[in-house]
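Chemist: What follows is the residue order along each chain.
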Amino acid sequence: MTTQTATGLPSRKLAMWTFIGSECILFGSLIITYLVYRGRSVVGPYPDELLNIPFITVTTFVLLMSSLMMVLALAAVQHGDLKWAKVWLLLTAAFGVIFLAGQAYEFTHFYHEGLGLSTNLFGGSFFLLTGFHGAHVAVGVIWLMSLFGMAVGGRLTSADAETVEVAGLYWHFVDVVWIVLFTVIYLLV
Amino acid sequence: MEELATGTSQESKHPSNRVYIGIAAILAVITAIEVMVFYVDALRPAIVPILLVLSATKFALVVMFFMHLRFDSRVFSAVFLGPLLVIVALITAMLALYGVFTGNPA
Chain A
0 MTTQTATGLP
10 SRKLAMWTFI
20 GSECILFGSL
30 IITYLVYRGR
40 SVVGPYPDEL
50 LNIPFITVTT
60 FVLLMSSLMM
70 VLALAAVQHG
80 DLKWAKVWLL
90 LTAAFGVIFL
100 AGQAYEFTHF
110 YHEGLGLSTN
120 LFGGSFFLLT
130 GFHGAHVAVG
140 VIWLMSLFGM
150 AVGGRLTSAD
160 AETVEVAGLY
170 WHFVDVVWIV
180 LFTVIYLLV
Chain B
0 MEELATGTSQ
10 ESKHPSNRVY
20 IGIAAILAVI
30 TAIEVMVFYV
40 DALRPAIVPI
50 LLVLSATKFA
60 LVVMFFMHLR
70 FDSRVFSAVF
80 LGPLLVIVAL
90 ITAMLALYGV
100 FTGNPA
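Here the protein sequences line up with chains A and B, keeping their order. By numbering that gives the first Met the number 0, the letter at position 103 of the first sequence is numbered 102, and the numbering carries on one by one without gaps. By numbering that gives the first Met the number 0, the letter at position 33 of the second sequence is numbered 32, and the numbering carries on one by one without gaps.
It is possible that part of the hints are untrue.
What the hints assert, rightly or not - Simulated restraints on C-beta separations:
hint	chain 1	residue 1	chain 2	residue 2	range
1	B	PHE100	A	GLY79	48 to 54 Å
2	A	PHE18	B	ALA41	40 to 46 Å
3	B	ALA92	A	GLY153	49 to 55 Å
4	B	THR56	A	ASN51	22 to 28 Å
5	A	ASN51	B	ALA24	22 to 28 Å
6	B	ALA92	A	ALA158	28 to 34 Å
7	B	ILE20	A	THR156	21 to 27 Å
What the hints assert, rightly or not - Here chain A is said to cover these stretches of chain B; the calculated rule only asks that three of the stretch's residues, wherever they fall, bring their Cβ under 8 Å from a Cβ of chain A:
hint	region
8	25-36
9	75-89
Stated by the list, open to error - Just a sample of chain A residues kept apart from chain B, beta carbon distances all over 10 Å, derived:
hint	residue
10	THR59
11	LYS85
12	ILE97
13	LEU127
14	GLY148
15	GLU164
Everything labelled a hint here was simulated from the structure, so no lab data went into it. Here a beta-carbon is modelled for each residue, glycine too, at the ideal position from N, C-alpha and C.
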């Protein structure tokens with residue numbers, strides 16, 4: 000399953016790392032926008048009136064632990080333990096869904112508090128940045144569920160470890176982006 | 000921290016499950032410290048550098064151990080760290096340009 004490149008490295012892993020490198024630029028650009036607009040809203044609601052640190056800490060913890068589930072899924076596939084691979088893949092996806100549900104609740108709450116995409120600079124940059132991240136999490140959940148479906152159908156074996164590893168790289172990147180966003184948006188208010 | 004899984008292929012370079020669980024525990028503890036720092040008024044003057052260091056530590060742990068960058072080819076590190084360093088430099092430059100560090104909005 001591993002296709003070597005001229006570098007002698009697996010092509011899919013090299014492609015995923017290249018993609019992740021480009022994603023750093025995308026999220027970095029959105030973070031610049033958020034930070035430059037930070038504190039410049041002339042009408043409310045303002046971040047310190049809305050952001051719920053205890054709630055977001057719980058969803059952050061859930062996403063961090065989903066990364067643990069992901070590496071355990073990869074280790075299980077590598078060792079040919081497909082029963083546990085299915086369990087960890089499903090748990091990773093489930094934790095992703097919990098995170099998304101938390102984000103949906105947060106967005107809805109903010110909207111009811113009067114914050115829309117065009118309400119002020121905070122609203123526009125916040126929804127753009129966290130919305131992009133949430134979309135990435137959603138894609139990751141779909142990807143994980145497709146791997147889980149392959150495993151259930153008997154089409155995922157230890158020979159497909161690289162397939163799971165590439166999906167894992169994407170999922171962990173989504174996690175590290177949130178590590179930065181948690182600090183930038185919620186803790187540095 | 001150096002404990003590695005037994006195996007014969009490329010995967011043998013990856014850490015064991017015990018290491019993964021240990022890293023996850025460290026990530027959870029650092030997150031708890033971050034939130035604690037947020038609520039301690041005495042740390043307010045130094046909150047930015049403290050949180051940036053803690054966040055960077057979590058970032059590095061996930062990339063090195065969960066994404067296996069520490070154990071994989073340096074080509075992957077170059078492909079990832081190149082754009083990362085560019086965007087960190089760009090963020091710093093843009094924040095300086097817009098007076099975020101000095102408190103004087105441009």
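Chemist: Now, for every hint given, state plainly whether the structure supports it.
Modeler: Verification of the hints:
1. PHE100/B - GLY79/A: 48 to 54 Å: The hinted range 48 to 54 Å holds for PHE100/B and GLY79/A, with Cβ atoms some 53 Å apart.
2. PHE18/A - ALA41/B: 40 to 46 Å: holds (43 Å)
3. ALA92/B - GLY153/A: 49 to 55 Å: Distance hint for ALA92/B, GLY153/A holds at roughly 52 Å.
4. THR56/B - ASN51/A: 22 to 28 Å: holds (25 Å)
5. ASN51/A - ALA24/B: 22 to 28 Å: holds (25 Å)
6. ALA92/B - ALA158/A: 28 to 34 Å: violated (46 Å)
7. ILE20/B - THR156/A: 21 to 27 Å: Roughly 25 Å apart at Cβ, these two residues keep to the hinted range, so it holds.
8. 25-36: This one holds; 6 residues, not fewer than the three required, reach chain A with a Cβ under 8 Å.
9. 75-89: The restraint on the region 75-89 of chain B holds, since 10 of its residues have a Cβ under 8 Å from chain A and three suffice.
10. THR59: violated (6 Å)
11. LYS85: holds (16 Å)
12. ILE97: Given a closest Cβ separation of 16 Å, the condition holds.
13. LEU127: holds (16 Å)
14. GLY148: GLY148/A clear of chain B: closest Cβ-Cβ about 23 Å, beyond 10 Å.
15. GLU164: violated (8 Å)
When the structure is compared with the earlier hints, violations turn up for hints 6, 10, 15 and for no others.
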